[in-house]
Amino acid sequence: MNLTKNEVEELQEQIIIIYKVIHQNSTFNSFFYQDMDVSMPKSDSNLINELGELENAEEILRKCIVELEEIKQNEKLVDKVFYEIIARYDLKELYEKYSINEPKDLDKLDIKELLKIL
106 MNLTKNEVEE LQEQIIIIYK VIHQNSTFNS FFYQDMDVSM PKSDSNLINE LGELENAEEI
166 LRKCIVELEE IKQNEKLVDK VFYEIIARYD LKELYEKYSI NEPKDLDKLD IKELLKIL
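Numbers in this note's numbering are just positions in the sequence shown, counted from 1, shifted up by 105.
Be aware that one or more of the hints could be misleading.
As the list claims (entries may be wrong) - When the alpha-carbon atoms are kept at most 30 Å apart in a straight line, the in silico DSBU-like pairs for lysine-lysine are as follows:
| # | residue 1 | residue 2 |
| --- | --- | --- |
| 1 | Lys-125 | Lys-181 |
| 2 | Lys-168 | Lys-110 |
| 3 | Lys-197 | Lys-125 |
| 4 | Lys-177 | Lys-197 |
| 5 | Lys-213 | Lys-125 |
| 6 | Lys-213 | Lys-147 |
| 7 | Lys-181 | Lys-168 |
| 8 | Lys-181 | Lys-110 |
To be verified - Have a look at the derived ranges for each label pair, beta carbon to beta carbon:
| # | residue 1 | residue 2 | range |
| --- | --- | --- | --- |
| 9 | Asp-210 | Glu-163 | 17 to 27 Å |
| 10 | Gln-178 | Lys-209 | 12 to 22 Å |
| 11 | Lys-209 | Asn-179 | 32 to 42 Å |
By construction, these hints were calculated from the structure, which means they are not laboratory data. For glycine and all other residues, C-beta sits at the position ideal for the given N, C-alpha and C.
Input sequences plus hints: build the corresponding full structure.
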């Protein structure tokens, strides 16, 4: 993967947005729909729906975030660093930076490089 440092940073920011949305949806669904035989509500974002169908979407995204941080720092990191990485980012600022005003705007994120890796 031949990306500039800025491209790596932007890709990581976008993946963090997606991770946080998927994690929030997962937490919401497990809290409100636990032990219920109902279909989970779908997001307005096709990207979130597609990733949400993966069994281990959160884990994949966590690994991507850590790997991108390793690329930025040029060193191997321990997995515990994940929460330190995402804590550095303010979701509201990222939403503004990438013009995300509603869930369907998540489909505008350019994560082609991520999809190539997966």
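Hint check results:
1. Distance check on the hinted pair: Lys-125 and Lys-181 sit about 23 Å apart at the alpha-carbon level, within 30 Å; holds.
2. Distance restraint check for Lys-168 and Lys-110: the Cα-Cα separation of roughly 18 Å lies within the 30 Å cut-off, and the hinted pair is therefore satisfied.
3. Between Lys-197 and Lys-125, the direct Cα distance comes to roughly 11 Å. Compliance with the 30 Å bound is thereby established for this hinted pair.
4. Only pairs whose Cα atoms come within 30 Å are accepted, and Lys-177 paired with Lys-197 is accepted, the gap being roughly 23 Å.
5. For a cut-off of 30 Å, the pair hint linking Lys-213 to Lys-125 stands: about 16 Å separates their Cα positions.
6. At most 30 Å may separate the alpha-carbon atoms for a hinted pair to count; Lys-213 and Lys-147 meet this at roughly 18 Å.
7. Taking the CA atoms of Lys-181 and Lys-168, the gap is near 12 Å; set against the 30 Å cutoff, the hint holds.
8. Proposed proximity of Lys-181 and Lys-110 is supported: the alpha carbons are some 17 Å apart, at most 30 Å.
9. Distance hint for Asp-210 and Glu-163: a CB-CB separation of about 21 Å, consistent with the stated range 17 to 27 Å.
10. At about 34 Å, the CB distance of Gln-178 to Lys-209 disagrees with the hint of 12 to 22 Å.
11. The given range of 32 to 42 Å is respected by Lys-209 and Asn-179, whose C-beta atoms sit roughly 37 Å from each other.
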